[in-house]
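**Student:** Whole structure, please, built from the sequences with the hints as guidance.
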Amino acid sequence: MYKVLVTDGISHTGLVSLMEHPHFIVERQPTLPVAELKKIIGGYDALIVRSQTKVTAELLEAAGRLRVIARAGVGVDNIDVNAATRKGIIVINAPGANTIAATEHTLAMMLSLARKIPQAHQKTAAGEWDRNSFKGVELYKKTLGVIGMGKIGTEVAKRAKSFGMNILGFDPYLTEERAKKLGFTKASLDLIAAESDFITIHTPLTNDTRGLVNDDYLRKTKKGVRFVNCARGGVIDEKALVRAIQAGHVAGAALDVFEKEPVADVELLQNPNIIVTPHLGASTVEAQEKVAQEVSAEIIEIFETQSIQNAVNMPQMSGETQAKLQPYLLLGDQMGQLVIQLLNKQAPAKIEINYYGDLIDEDTELLTRTLLKGVLSYHLSDSVNLINVLHLLKEQGVSYNVAKNATNKGFANYMELCVSNGLETARIGATVLNGYGARILKINQYRIDVKPEKYLLYIKHRDVPGMIGKVGSLLGDYGINIGTMQVGRTEVGGEAIMVLTLDKTMGSNVIGELTLIEGLEEAQLLELTNVDTFEPGRVEPELEIVESV
0 MYKVLVTDGI SHTGLVSLME HPHFIVERQP TLPVAELKKI IGGYDALIVR
50 SQTKVTAELL EAAGRLRVIA RAGVGVDNID VNAATRKGII VINAPGANTI
100 AATEHTLAMM LSLARKIPQA HQKTAAGEWD RNSFKGVELY KKTLGVIGMG
150 KIGTEVAKRA KSFGMNILGF DPYLTEERAK KLGFTKASLD LIAAESDFIT
200 IHTPLTNDTR GLVNDDYLRK TKKGVRFVNC ARGGVIDEKA LVRAIQAGHV
250 AGAALDVFEK EPVADVELLQ NPNIIVTPHL GASTVEAQEK VAQEVSAEII
300 EIFETQSIQN AVNMPQMSGE TQAKLQPYLL LGDQMGQLVI QLLNKQAPAK
350 IEINYYGDLI DEDTELLTRT LLKGVLSYHL SDSVNLINVL HLLKEQGVSY
400 NVAKNATNKG FANYMELCVS NGLETARIGA TVLNGYGARI LKINQYRIDV
450 KPEKYLLYIK HRDVPGMIGK VGSLLGDYGI NIGTMQVGRT EVGGEAIMVL
500 TLDKTMGSNV IGELTLIEGL EEAQLLELTN VDTFEPGRVE PELEIVESV
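Residue numbering for the sequence shown follows numbering that gives the first Met the number 0, beginning at 0 and increasing consecutively.
Any given hint might turn out to be false.
[Said to hold, decoys possible] Between beta-carbon pairs, the in silico distance windows are:
1. G436 - E490: 23 to 33 Å
2. E35 - S507: 43 to 53 Å
3. R130 - K180: 36 to 46 Å
4. H22 - G409: 48 to 58 Å
Hint data in this document are derived by calculation from the structure and do not stem from the laboratory.
Quick reminder that beta carbons are idealized off the backbone N, C-alpha and C, glycines included.
**Tutor:** Right, here's the structure in full:
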(Lines of atoms letter the chains of each structure in order from A and count residues from 1; the text may use other names and numbers.)
(Lines give C-alpha, C1' and ligand atoms only; values in the text may rest on other atoms or scores of the structure.)
Protein backbone atom coordinates (compact mmCIF):
# COMPACT_ATOMS: atom_id res chain seq x y z
CA MET A 1 0.00 0.00 0.00
CA TYR A 2 1.21 3.50 -0.87
CA LYS A 3 0.34 6.35 1.48
CA VAL A 4 -0.46 9.76 -0.03
CA LEU A 5 -0.71 12.96 2.02
CA VAL A 6 -2.78 15.91 0.74
CA THR A 7 -1.95 19.10 2.63
CA ASP A 8 -3.78 21.83 0.70
CA GLY A 9 -7.33 22.34 -0.53
CA ILE A 10 -7.43 19.89 -3.45
CA SER A 11 -10.62 19.00 -5.31
CA HIS A 12 -12.20 15.87 -3.78
CA THR A 13 -13.69 14.90 -7.14
CA GLY A 14 -10.32 15.15 -8.81
CA LEU A 15 -8.77 12.75 -6.27
CA VAL A 16 -11.39 10.02 -6.68
CA SER A 17 -9.26 7.78 -8.91
CA LEU A 18 -6.49 7.82 -6.32
CA MET A 19 -8.78 7.37 -3.33
CA GLU A 20 -10.59 4.42 -4.92
CA HIS A 21 -7.41 2.66 -6.07
CA PRO A 22 -6.78 -0.51 -4.03
CA HIS A 23 -3.06 0.17 -3.67
CA PHE A 24 -3.31 3.71 -2.28
CA ILE A 25 -4.33 5.24 1.03
CA VAL A 26 -5.10 8.96 0.77
CA GLU A 27 -5.08 11.14 3.88
CA ARG A 28 -6.18 14.79 3.75
CA GLN A 29 -4.69 17.11 6.37
CA PRO A 30 -4.99 20.68 5.08
CA THR A 31 -3.37 23.71 6.75
CA LEU A 32 -0.97 21.64 8.84
CA PRO A 33 1.56 23.69 10.83
CA VAL A 34 5.11 23.21 9.55
CA ALA A 35 6.24 21.52 12.76
CA GLU A 36 3.39 18.98 12.56
CA LEU A 37 4.00 18.29 8.89
CA LYS A 38 7.66 17.68 9.58
CA LYS A 39 6.76 15.13 12.25
CA ILE A 40 4.53 13.02 10.01
CA ILE A 41 6.00 13.44 6.51
CA GLY A 42 8.32 10.46 6.99
CA GLY A 43 5.37 8.06 6.84
CA TYR A 44 4.22 8.92 3.31
CA ASP A 45 5.18 7.84 -0.20
CA ALA A 46 3.65 10.81 -2.01
CA LEU A 47 2.71 14.39 -1.16
CA ILE A 48 0.13 16.50 -3.03
CA VAL A 49 0.18 20.28 -2.53
CA ARG A 50 -1.05 23.46 -4.13
CA SER A 51 0.61 26.81 -3.36
CA GLN A 52 0.08 27.06 0.39
CA THR A 53 2.39 24.28 1.61
CA LYS A 54 6.07 25.21 1.39
CA VAL A 55 8.10 22.09 0.59
CA THR A 56 11.51 23.17 1.84
CA ALA A 57 14.84 21.37 2.02
CA GLU A 58 14.40 21.18 5.80
CA LEU A 59 11.04 19.46 5.41
CA LEU A 60 12.46 17.02 2.86
CA GLU A 61 15.21 16.00 5.27
CA ALA A 62 12.47 14.38 7.35
CA ALA A 63 10.86 12.71 4.30
CA GLY A 64 12.84 9.50 4.22
CA ARG A 65 10.11 7.52 2.46
CA LEU A 66 8.81 10.14 0.03
CA ARG A 67 9.12 9.30 -3.66
CA VAL A 68 6.81 11.81 -5.36
CA ILE A 69 5.78 15.43 -4.75
CA ALA A 70 2.81 16.53 -6.86
CA ARG A 71 1.94 20.17 -7.39
CA ALA A 72 -1.73 20.45 -8.30
CA GLY A 73 -1.03 23.35 -10.62
CA VAL A 74 1.67 24.65 -12.94
CA GLY A 75 4.31 26.57 -10.99
CA VAL A 76 6.56 24.85 -8.46
CA ASP A 77 7.75 28.03 -6.71
CA ASN A 78 6.80 26.59 -3.32
CA ILE A 79 8.84 23.40 -3.79
CA ASP A 80 12.61 23.19 -3.39
CA VAL A 81 13.10 21.18 -6.59
CA ASN A 82 16.87 20.97 -6.17
CA ALA A 83 16.55 19.52 -2.67
CA ALA A 84 13.96 17.02 -3.92
CA THR A 85 16.21 16.02 -6.81
CA ARG A 86 19.15 15.47 -4.49
CA LYS A 87 17.01 13.08 -2.44
CA GLY A 88 15.78 11.26 -5.54
CA ILE A 89 12.20 12.53 -5.16
CA ILE A 90 10.24 13.07 -8.39
CA VAL A 91 8.46 16.42 -8.62
CA ILE A 92 5.46 16.50 -10.93
CA ASN A 93 2.94 19.18 -11.85
CA ALA A 94 -0.16 19.60 -14.01
CA PRO A 95 0.84 21.76 -16.99
CA GLY A 96 -2.00 23.17 -19.02
CA ALA A 97 -4.84 22.12 -16.75
CA ASN A 98 -5.57 25.67 -15.60
CA THR A 99 -4.96 27.46 -18.91
CA ILE A 100 -8.62 28.26 -19.56
CA ALA A 101 -9.25 29.34 -15.96
CA ALA A 102 -6.29 31.74 -15.96
CA THR A 103 -7.25 33.04 -19.40
CA GLU A 104 -10.83 33.79 -18.42
CA HIS A 105 -9.79 35.40 -15.13
CA THR A 106 -7.44 37.71 -17.04
CA LEU A 107 -10.29 38.79 -19.31
CA ALA A 108 -12.61 39.25 -16.34
CA MET A 109 -10.02 41.47 -14.66
CA MET A 110 -9.53 43.46 -17.87
CA LEU A 111 -13.25 44.08 -18.27
CA SER A 112 -13.63 44.94 -14.59
CA LEU A 113 -10.78 47.41 -14.93
CA ALA A 114 -12.22 48.98 -18.08
CA ARG A 115 -15.71 49.40 -16.62
CA LYS A 116 -14.85 49.86 -12.91
CA ILE A 117 -17.26 47.09 -12.00
CA PRO A 118 -16.00 46.26 -8.46
CA GLN A 119 -16.02 49.94 -7.42
CA ALA A 120 -19.51 50.47 -8.84
CA HIS A 121 -20.79 47.34 -7.12
CA GLN A 122 -19.38 48.40 -3.76
CA LYS A 123 -21.00 51.83 -3.89
CA THR A 124 -24.33 50.54 -5.20
CA ALA A 125 -24.44 47.82 -2.54
CA ALA A 126 -23.87 50.54 0.08
CA GLY A 127 -27.10 52.24 -1.07
CA GLU A 128 -25.68 54.94 -3.34
CA TRP A 129 -26.99 55.34 -6.90
CA ASP A 130 -23.97 56.99 -8.55
CA ARG A 131 -23.90 56.82 -12.35
CA ASN A 132 -21.40 59.64 -12.86
CA SER A 133 -18.30 58.36 -11.03
CA PHE A 134 -17.80 55.17 -12.97
CA LYS A 135 -17.48 56.14 -16.60
CA GLY A 136 -15.43 53.41 -18.24
CA VAL A 137 -13.70 52.74 -21.54
CA GLU A 138 -14.40 50.24 -24.30
CA LEU A 139 -12.06 47.47 -25.36
CA TYR A 140 -13.18 47.82 -28.98
CA LYS A 141 -10.43 49.28 -31.22
CA LYS A 142 -8.03 49.50 -28.27
CA THR A 143 -4.51 48.06 -28.41
CA LEU A 144 -3.63 45.21 -26.06
CA GLY A 145 0.02 44.49 -25.35
CA VAL A 146 0.62 40.88 -24.29
CA ILE A 147 3.97 40.35 -22.56
CA GLY A 148 4.55 36.59 -22.74
CA MET A 149 2.95 34.63 -25.58
CA GLY A 150 2.90 31.16 -24.06
CA LYS A 151 -0.27 29.10 -23.75
CA ILE A 152 -2.16 31.51 -21.50
CA GLY A 153 -0.92 34.68 -23.19
CA THR A 154 -1.90 33.30 -26.59
CA GLU A 155 -5.37 32.27 -25.39
CA VAL A 156 -5.92 35.72 -23.86
CA ALA A 157 -4.87 37.36 -27.12
CA LYS A 158 -7.22 35.15 -29.18
CA ARG A 159 -10.20 36.09 -27.01
CA ALA A 160 -9.27 39.77 -26.85
CA LYS A 161 -9.13 39.80 -30.65
CA SER A 162 -12.80 38.81 -30.68
CA PHE A 163 -13.49 42.07 -28.80
CA GLY A 164 -12.06 43.93 -31.77
CA MET A 165 -8.75 44.70 -30.04
CA ASN A 166 -5.45 45.16 -31.87
CA ILE A 167 -2.91 42.71 -30.41
CA LEU A 168 0.80 43.42 -29.89
CA GLY A 169 2.67 40.36 -28.62
CA PHE A 170 6.12 40.09 -27.08
CA ASP A 171 7.91 36.82 -26.39
CA PRO A 172 11.54 35.81 -26.96
CA TYR A 173 10.27 32.82 -28.94
CA LEU A 174 7.47 34.49 -30.90
CA THR A 175 8.30 34.46 -34.60
CA GLU A 176 6.91 36.79 -37.24
CA GLU A 177 5.40 33.79 -38.99
CA ARG A 178 3.55 32.51 -35.92
CA ALA A 179 2.33 36.01 -35.00
CA LYS A 180 1.02 36.57 -38.51
CA LYS A 181 -0.73 33.20 -38.50
CA LEU A 182 -2.50 34.09 -35.25
CA GLY A 183 -3.42 37.55 -36.48
CA PHE A 184 -1.18 39.38 -33.99
CA THR A 185 1.72 41.78 -34.40
CA LYS A 186 5.11 40.78 -33.03
CA ALA A 187 6.38 43.72 -30.99
CA SER A 188 9.23 44.81 -28.75
CA LEU A 189 8.66 45.72 -25.12
CA ASP A 190 9.22 49.38 -25.99
CA LEU A 191 6.64 49.27 -28.80
CA ILE A 192 4.12 47.69 -26.43
CA ALA A 193 4.81 50.48 -23.93
CA ALA A 194 4.42 53.21 -26.53
CA GLU A 195 1.22 51.99 -28.21
CA SER A 196 -0.79 49.84 -25.79
CA ASP A 197 -3.97 50.95 -24.05
CA PHE A 198 -3.95 47.76 -21.96
CA ILE A 199 -0.93 45.61 -21.05
CA THR A 200 -1.32 42.10 -19.67
CA ILE A 201 1.52 40.06 -18.16
CA HIS A 202 1.98 36.34 -18.88
CA THR A 203 5.64 35.58 -18.20
CA PRO A 204 7.26 33.35 -15.59
CA LEU A 205 9.20 35.05 -12.81
CA THR A 206 12.92 34.87 -13.68
CA ASN A 207 15.97 37.04 -13.04
CA ASP A 208 15.21 38.87 -16.28
CA THR A 209 11.48 39.40 -15.68
CA ARG A 210 11.65 40.36 -11.99
CA GLY A 211 10.77 44.05 -11.85
CA LEU A 212 10.32 44.13 -15.63
CA VAL A 213 7.61 46.76 -15.29
CA ASN A 214 9.45 49.37 -13.22
CA ASP A 215 9.75 53.15 -13.07
CA ASP A 216 11.80 53.29 -16.28
CA TYR A 217 9.38 51.10 -18.22
CA LEU A 218 6.32 52.92 -16.91
CA ARG A 219 7.75 56.24 -18.12
CA LYS A 220 7.82 54.78 -21.64
CA THR A 221 4.14 53.77 -21.56
CA LYS A 222 1.27 55.60 -23.17
CA LYS A 223 -0.56 57.96 -20.80
CA GLY A 224 -3.75 56.32 -19.56
CA VAL A 225 -2.52 52.74 -19.97
CA ARG A 226 -4.04 50.00 -17.79
CA PHE A 227 -2.15 46.94 -16.50
CA VAL A 228 -3.37 43.40 -15.76
CA ASN A 229 -1.25 40.78 -14.01
CA CYS A 230 -2.60 37.29 -13.42
CA ALA A 231 0.77 35.55 -13.97
CA ARG A 232 3.42 35.98 -11.28
CA GLY A 233 3.92 38.55 -8.55
CA GLY A 234 7.21 40.39 -8.82
CA VAL A 235 7.12 40.98 -12.58
CA ILE A 236 5.57 44.37 -11.82
CA ASP A 237 7.32 46.64 -9.32
CA GLU A 238 4.28 47.38 -7.17
CA LYS A 239 5.69 50.58 -5.61
CA ALA A 240 6.51 51.95 -9.06
CA LEU A 241 3.01 51.06 -10.30
CA VAL A 242 1.36 52.87 -7.39
CA ARG A 243 3.51 55.95 -8.04
CA ALA A 244 2.54 55.98 -11.71
CA ILE A 245 -1.17 55.68 -10.87
CA GLN A 246 -1.00 58.40 -8.22
CA ALA A 247 0.75 60.66 -10.75
CA GLY A 248 -2.10 60.10 -13.21
CA HIS A 249 0.08 58.54 -15.89
CA VAL A 250 -1.31 54.99 -15.47
CA ALA A 251 -5.11 54.88 -15.38
CA GLY A 252 -5.37 51.73 -13.30
CA ALA A 253 -4.38 48.13 -12.70
CA ALA A 254 -5.98 44.76 -12.00
CA LEU A 255 -3.76 42.40 -10.00
CA ASP A 256 -4.30 38.78 -9.03
CA VAL A 257 -0.71 38.08 -7.97
CA PHE A 258 1.67 39.99 -5.73
CA GLU A 259 5.30 40.24 -4.68
CA LYS A 260 4.33 38.98 -1.21
CA GLU A 261 1.21 36.93 -0.57
CA PRO A 262 -1.07 37.46 1.26
CA VAL A 263 -0.71 41.05 0.12
CA ALA A 264 -0.76 43.67 2.92
CA ASP A 265 0.40 46.83 1.14
CA VAL A 266 -2.17 49.48 2.10
CA GLU A 267 -1.30 51.76 -0.84
CA LEU A 268 -2.02 48.89 -3.18
CA LEU A 269 -5.17 47.63 -1.46
CA GLN A 270 -6.84 50.97 -0.89
CA ASN A 271 -6.09 52.69 -4.18
CA PRO A 272 -9.46 53.28 -5.92
CA ASN A 273 -7.90 52.64 -9.34
CA ILE A 274 -6.48 49.22 -8.48
CA ILE A 275 -8.57 46.04 -8.53
CA VAL A 276 -7.19 43.12 -6.51
CA THR A 277 -8.10 39.46 -6.17
CA PRO A 278 -6.40 36.83 -3.95
CA HIS A 279 -4.54 34.74 -6.57
CA LEU A 280 -7.70 33.31 -8.13
CA GLY A 281 -6.38 32.66 -11.63
CA ALA A 282 -6.73 28.88 -11.38
CA SER A 283 -9.63 28.89 -8.93
CA THR A 284 -12.46 27.38 -10.92
CA VAL A 285 -14.25 24.14 -10.18
CA GLU A 286 -13.19 22.76 -13.54
CA ALA A 287 -9.52 23.76 -13.25
CA GLN A 288 -9.17 22.38 -9.74
CA GLU A 289 -10.74 19.10 -10.81
CA LYS A 290 -8.43 18.90 -13.84
CA VAL A 291 -5.21 19.51 -11.92
CA ALA A 292 -6.22 17.00 -9.23
CA GLN A 293 -7.15 14.43 -11.86
CA GLU A 294 -3.85 14.94 -13.69
CA VAL A 295 -1.62 14.52 -10.64
CA SER A 296 -3.70 11.59 -9.35
CA ALA A 297 -3.35 9.74 -12.64
CA GLU A 298 0.37 10.52 -12.77
CA ILE A 299 0.98 9.26 -9.21
CA ILE A 300 -0.76 5.99 -10.04
CA GLU A 301 1.35 5.60 -13.19
CA ILE A 302 4.61 6.30 -11.38
CA PHE A 303 4.02 3.76 -8.61
CA GLU A 304 2.26 1.11 -10.70
CA THR A 305 4.11 1.21 -14.03
CA GLN A 306 7.13 3.49 -13.40
CA SER A 307 5.89 5.72 -16.24
CA ILE A 308 6.60 9.45 -15.87
CA GLN A 309 4.91 12.10 -18.03
CA ASN A 310 5.08 15.50 -16.30
CA ALA A 311 8.17 15.32 -14.11
CA VAL A 312 9.81 18.67 -13.51
CA ASN A 313 13.12 17.16 -12.45
CA MET A 314 13.41 13.59 -13.70
CA PRO A 315 12.79 11.90 -17.07
CA GLN A 316 12.60 8.20 -17.78
CA MET A 317 16.03 6.62 -17.46
CA SER A 318 17.70 3.50 -16.13
CA GLY A 319 19.76 3.62 -12.95
CA GLU A 320 22.85 2.57 -14.91
CA THR A 321 22.48 5.41 -17.42
CA GLN A 322 21.83 7.92 -14.66
CA ALA A 323 24.99 6.87 -12.80
CA LYS A 324 27.17 7.20 -15.92
CA LEU A 325 25.77 10.51 -17.08
CA GLN A 326 25.10 12.26 -13.76
CA PRO A 327 28.22 14.53 -13.84
CA TYR A 328 27.49 15.43 -17.48
CA LEU A 329 23.84 16.20 -16.75
CA LEU A 330 24.79 18.91 -14.28
CA LEU A 331 27.42 20.28 -16.64
CA GLY A 332 24.99 20.16 -19.59
CA ASP A 333 22.46 22.29 -17.73
CA GLN A 334 25.21 24.78 -16.87
CA MET A 335 26.38 24.91 -20.49
CA GLY A 336 22.85 25.70 -21.64
CA GLN A 337 22.49 28.50 -19.10
CA LEU A 338 25.83 30.03 -20.08
CA VAL A 339 25.47 29.84 -23.84
CA ILE A 340 22.08 31.59 -23.92
CA GLN A 341 23.50 34.43 -21.81
CA LEU A 342 26.46 34.68 -24.18
CA LEU A 343 23.91 35.09 -26.99
CA ASN A 344 22.98 38.33 -25.22
CA LYS A 345 19.88 36.65 -23.78
CA GLN A 346 18.22 36.48 -27.21
CA ALA A 347 15.99 33.54 -28.04
CA PRO A 348 17.79 31.01 -30.25
CA ALA A 349 16.60 29.96 -33.69
CA LYS A 350 19.01 27.03 -34.01
CA ILE A 351 20.83 24.78 -31.53
CA GLU A 352 23.66 22.37 -32.35
CA ILE A 353 25.04 19.72 -29.99
CA ASN A 354 28.21 17.75 -30.69
CA TYR A 355 29.46 14.79 -28.65
CA TYR A 356 33.03 13.46 -28.90
CA GLY A 357 34.95 10.49 -27.51
CA ASP A 358 33.35 7.80 -25.36
CA LEU A 359 30.10 9.76 -25.07
CA ILE A 360 29.12 8.60 -28.54
CA ASP A 361 28.64 5.06 -27.20
CA GLU A 362 26.13 6.18 -24.57
CA ASP A 363 22.42 6.84 -24.88
CA THR A 364 22.68 10.63 -24.83
CA GLU A 365 18.97 11.45 -25.16
CA LEU A 366 18.78 12.46 -21.53
CA LEU A 367 21.93 14.55 -21.83
CA THR A 368 20.62 16.22 -24.99
CA ARG A 369 17.38 17.13 -23.26
CA THR A 370 19.36 18.54 -20.33
CA LEU A 371 21.44 20.77 -22.60
CA LEU A 372 18.30 21.98 -24.39
CA LYS A 373 16.50 22.58 -21.11
CA GLY A 374 19.42 24.68 -19.89
CA VAL A 375 19.08 26.87 -22.98
CA LEU A 376 15.29 27.29 -22.78
CA SER A 377 15.03 27.66 -19.00
CA TYR A 378 16.55 31.15 -19.13
CA HIS A 379 13.37 32.48 -20.74
CA LEU A 380 10.80 29.82 -19.80
CA SER A 381 11.85 29.20 -16.18
CA ASP A 382 10.09 26.26 -14.49
CA SER A 383 7.63 25.82 -17.38
CA VAL A 384 10.30 23.79 -19.21
CA ASN A 385 11.50 20.41 -17.99
CA LEU A 386 13.19 17.31 -19.34
CA ILE A 387 9.85 15.87 -20.39
CA ASN A 388 8.46 18.80 -22.37
CA VAL A 389 11.63 20.42 -23.70
CA LEU A 390 11.42 18.88 -27.20
CA HIS A 391 7.75 19.82 -27.47
CA LEU A 392 8.54 23.41 -26.45
CA LEU A 393 11.36 23.61 -29.00
CA LYS A 394 8.93 22.59 -31.74
CA GLU A 395 6.27 24.93 -30.39
CA GLN A 396 8.70 27.86 -30.41
CA GLY A 397 10.03 27.00 -33.87
CA VAL A 398 13.60 26.31 -32.71
CA SER A 399 15.51 23.67 -34.68
CA TYR A 400 18.19 21.49 -33.12
CA ASN A 401 20.73 18.99 -34.38
CA VAL A 402 22.81 16.36 -32.57
CA ALA A 403 26.04 14.93 -34.00
CA LYS A 404 28.48 12.34 -32.63
CA ASN A 405 32.15 12.02 -33.52
CA ALA A 406 34.66 9.44 -32.33
CA THR A 407 37.44 12.06 -32.29
CA ASN A 408 38.45 12.55 -28.67
CA LYS A 409 39.42 16.26 -28.96
CA GLY A 410 42.20 15.61 -26.43
CA PHE A 411 39.79 14.26 -23.80
CA ALA A 412 38.03 10.96 -23.20
CA ASN A 413 34.71 12.83 -23.37
CA TYR A 414 33.95 16.27 -24.71
CA MET A 415 30.78 18.09 -25.76
CA GLU A 416 30.06 21.34 -27.54
CA LEU A 417 26.88 23.40 -27.55
CA CYS A 418 26.29 26.09 -30.17
CA VAL A 419 23.27 28.40 -30.39
CA SER A 420 22.47 31.03 -32.98
CA ASN A 421 19.65 33.43 -33.75
CA GLY A 422 20.53 34.14 -37.36
CA LEU A 423 22.67 37.16 -36.54
CA GLU A 424 24.80 36.04 -33.61
CA THR A 425 26.32 32.73 -32.53
CA ALA A 426 27.60 31.56 -29.15
CA ARG A 427 29.54 28.36 -28.44
CA ILE A 428 30.54 26.48 -25.27
CA GLY A 429 32.83 23.44 -25.08
CA ALA A 430 33.24 21.42 -21.86
CA THR A 431 34.15 18.12 -20.28
CA VAL A 432 34.21 16.28 -16.96
CA LEU A 433 37.71 15.26 -15.91
CA ASN A 434 38.17 12.35 -13.55
CA GLY A 435 39.37 13.71 -10.22
CA TYR A 436 38.87 17.34 -11.23
CA GLY A 437 35.20 17.66 -12.12
CA ALA A 438 33.51 19.87 -14.69
CA ARG A 439 35.53 22.28 -16.81
CA ILE A 440 34.49 24.87 -19.39
CA LEU A 441 37.24 24.54 -22.01
CA LYS A 442 36.03 26.71 -24.84
CA ILE A 443 34.02 29.91 -25.26
CA ASN A 444 33.40 30.75 -28.90
CA GLN A 445 36.84 30.40 -30.55
CA TYR A 446 38.83 30.90 -27.35
CA ARG A 447 40.44 28.09 -25.33
CA ILE A 448 40.15 28.47 -21.54
CA ASP A 449 39.92 26.31 -18.42
CA VAL A 450 37.20 27.43 -15.99
CA LYS A 451 35.34 25.52 -13.29
CA PRO A 452 31.64 26.49 -13.42
CA GLU A 453 30.78 28.79 -10.51
CA LYS A 454 27.67 30.75 -9.59
CA TYR A 455 29.05 34.10 -10.76
CA LEU A 456 31.30 34.33 -13.82
CA LEU A 457 32.49 37.61 -15.31
CA TYR A 458 33.05 37.33 -19.06
CA ILE A 459 35.18 40.06 -20.64
CA LYS A 460 36.14 40.54 -24.27
CA HIS A 461 39.11 42.85 -24.79
CA ARG A 462 42.21 43.72 -26.80
CA ASP A 463 45.30 41.74 -25.79
CA VAL A 464 47.27 44.71 -24.42
CA PRO A 465 49.53 45.02 -21.34
CA GLY A 466 47.87 46.07 -18.07
CA MET A 467 44.32 44.94 -18.93
CA ILE A 468 44.17 42.28 -16.19
CA GLY A 469 45.48 44.73 -13.61
CA LYS A 470 42.93 47.40 -14.51
CA VAL A 471 40.04 44.93 -14.25
CA GLY A 472 41.26 43.52 -10.94
CA SER A 473 41.80 46.97 -9.49
CA LEU A 474 38.33 48.18 -10.43
CA LEU A 475 36.65 45.09 -8.95
CA GLY A 476 38.74 45.52 -5.79
CA ASP A 477 37.50 49.11 -5.46
CA TYR A 478 33.96 47.71 -5.29
CA GLY A 479 34.87 44.97 -2.79
CA ILE A 480 34.36 42.18 -5.31
CA ASN A 481 36.76 39.30 -4.70
CA ILE A 482 38.09 37.27 -7.64
CA GLY A 483 38.22 33.51 -7.14
CA THR A 484 40.03 32.54 -10.34
CA MET A 485 40.92 34.18 -13.64
CA GLN A 486 41.47 32.58 -17.03
CA VAL A 487 42.58 34.34 -20.21
CA GLY A 488 42.13 33.06 -23.77
CA ARG A 489 43.44 34.52 -27.02
CA THR A 490 43.92 33.51 -30.62
CA GLU A 491 46.93 35.71 -31.39
CA VAL A 492 49.26 38.07 -29.56
CA GLY A 493 47.89 41.61 -29.53
CA GLY A 494 44.57 40.60 -31.05
CA GLU A 495 41.15 40.00 -29.53
CA ALA A 496 41.10 38.06 -26.27
CA ILE A 497 38.77 37.09 -23.46
CA MET A 498 39.10 36.71 -19.73
CA VAL A 499 36.72 34.77 -17.50
CA LEU A 500 36.74 35.46 -13.77
CA THR A 501 34.93 33.55 -11.04
CA LEU A 502 33.54 35.92 -8.40
CA ASP A 503 32.49 35.38 -4.80
CA LYS A 504 29.41 37.58 -5.18
CA THR A 505 27.30 39.31 -7.80
CA MET A 506 27.83 42.85 -9.08
CA GLY A 507 25.63 45.72 -10.13
CA SER A 508 25.15 47.11 -13.64
CA ASN A 509 27.12 50.19 -12.56
CA VAL A 510 30.27 48.05 -12.20
CA ILE A 511 29.71 46.57 -15.66
CA GLY A 512 29.32 50.10 -16.99
CA GLU A 513 32.62 51.22 -15.49
CA LEU A 514 34.41 48.15 -16.82
CA THR A 515 33.35 49.00 -20.37
CA LEU A 516 34.97 52.43 -19.99
CA ILE A 517 38.41 50.83 -19.71
CA GLU A 518 40.32 51.52 -22.92
CA GLY A 519 40.59 48.36 -25.00
CA LEU A 520 37.81 46.53 -23.11
CA GLU A 521 35.07 45.79 -25.63
CA GLU A 522 32.45 43.85 -23.66
CA ALA A 523 31.74 42.85 -20.05
CA GLN A 524 28.95 40.52 -18.99
CA LEU A 525 28.03 38.87 -15.70
CA LEU A 526 27.02 35.24 -16.26
CA GLU A 527 25.01 33.52 -13.53
CA LEU A 528 24.40 29.82 -12.89
CA THR A 529 21.53 28.56 -10.75
CA ASN A 530 22.71 25.00 -10.12
CA VAL A 531 26.17 25.19 -8.56
CA ASP A 532 27.43 24.79 -5.02
CA THR A 533 28.32 27.99 -3.21
CA PHE A 534 31.98 28.69 -2.48
CA GLU A 535 33.30 26.99 0.63
CA PRO A 536 36.07 28.92 2.45
CA GLY A 537 39.20 26.85 2.74
CA ARG A 538 38.37 24.62 -0.22
CA VAL A 539 41.41 24.13 -2.46
CA GLU A 540 40.99 23.32 -6.12
CA PRO A 541 43.70 21.13 -7.68
CA GLU A 542 45.98 22.56 -10.33
CA LEU A 543 45.08 21.34 -13.81
CA GLU A 544 47.34 21.24 -16.83
CA ILE A 545 45.75 20.73 -20.22
CA VAL A 546 48.29 19.59 -22.79
CA GLU A 547 46.24 19.01 -25.90
CA SER A 548 44.32 21.86 -27.47
CA VAL A 549 40.62 21.85 -28.13
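**Student:** Need the list of violated hint numbers for this structure, in ascending order.
**Tutor:** none
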